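S.K.: Please construct the entire structure, taking both the sequences and the accompanying hints into account.
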Amino acid sequence: MIKKKLNILTIIIITIFLYSCQSAKDAFQSKKRSDQSDEFLVQKKNPLVMPPDFEKLPTPGNQEFYKEEITDSSDIKDLLKIKENNNQENNFDQPTGIESTILKKIQ
Amino acid sequence: MNSEKIKKVIIGIILLVLIFFLDRITKILILNIVEETGKLDIYVNSFLNLYLVWNKGIGFGLLSFDQKSTYNVISLLILLINLIIIYLIYNEKSIKTYFLLVILGGSFGNLFDRIYYNAVPDFIDLNYKGYHWFIFNVADIFITLGILCLIFSELLNYKK
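Line order of the protein sequences matches chains C and G. The letter at position 48 of the first sequence is residue 98 when you use my numbering, and the numbering goes up by one with no holes. The letter at position 96 of the second sequence is residue 129 when you use my numbering, and the numbering goes up by one with no holes.
Hint data in this document are derived by calculation from the structure and do not stem from the laboratory. Predicted model, so just to flag it, every value in this text is computed and none were measured. This list has only true hints and no planted wrong ones.
Far from chain G by the CB rule (all over 10 Å, computed), these chain C residues:
1. 52
2. 96
3. 106
4. 107
5. 108
6. 111
7. 130
8. 147
9. 150
10. 153
Derived DSSO-like pairs: lysine-lysine, alpha-carbon spacing no greater than 30 Å straight-line:
11. 95/C to 106/C
12. 89/G to 101/G
13. 53/C to 126/G
14. 40/G to 129/G
15. 55/C to 126/G
16. 54/C to 38/G
17. 54/C to 129/G
18. 129/G to 41/G
19. 72/G to 89/G
20. 41/G to 53/C
21. 72/G to 101/G
22. 126/G to 38/G
23. 55/C to 129/G
24. 126/G to 40/G
25. 38/G to 129/G
26. 53/C to 129/G
27. 54/C to 41/G
28. 72/G to 162/G
29. 54/C to 126/G
30. 41/G to 55/C
31. 126/G to 41/G
32. 162/G to 89/G
Backbone N, C-alpha and C fix where the C-beta goes; we use that ideal spot for every residue, glycine too.
M.R.: Right, dumping it as C-alpha cells:
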C-alpha cells in the first residue's frame, strides 16, 4: 500500500513538470495592466518653461513697441510701393512699338 | 516481434501522433485568431472563456522565470521526464502503456511549444461565479486524463 501511495505521489510530482497551465489571476492582472497602459495612456507634456524672449513681450501700458513695429512694417510697405510705382512709371516711360510708330508719324 | 506486439506499437504511435496533432491544431487555430485580431478574449459561455496566456514555467504557473538559463534547465528536465516515460512505455506490458502514451502525447505538445515558441500557449479558461481555474490547453487535458487513468489503475492494481 505504501508503495502504491509512493508511486501515485511520484506520478503527480513528475506530471507538474509536464503541465503548462497558468494561474488565471496572474493572467488577468497582467491584462489589466496592459489595458491601462493602452487605454489610458496620456501623452506626456513637457514641463512649463519661460519663453526665451519673454522679456520682449509688450506690457499693457507700454505702446512704444507696437508703434515701432507698425512704423517698421509701414516703412517696408512704402518702400515696396515706391518700387512698384517706380517700376510702373518706368514701364509707362518706355513706349511700346506701336506707340513709338504713331509718335514718329505725328512728329 | 510478433504480430500482436506490432499491432500494439502501431496503435501506440497512432494514439501519440493523434494527441500531438490535435493539440497542435487547436494551438495553431488560436494563434491564427490572435494574429488576425491582435488578441484572444472570447466569451464562449458563463463557464468557459478563451483567453491566451503564455506560460514560461511548468504546471500551475510554477518556476516561471525570465532567465533563459533557468528556462533551458526546466526544458531539459521535461525532456528527461519524457525519455523516462518512453522507457516506461517500452517496458510496460499492461494497459498502463496507453495511459503513458496519452501523457506522452500531451507532454510532447507542450515540449514542442517550449522549444518552438519559448513558451507554451494556454487558452482554456474555466470559471464559475468569478472563480477561475488555471488556464490550460488541450495537451494538459490529455496529460490529466492519462494521469487520472494511471492513478486509478495503480489503485485498482489493474493487470491485463
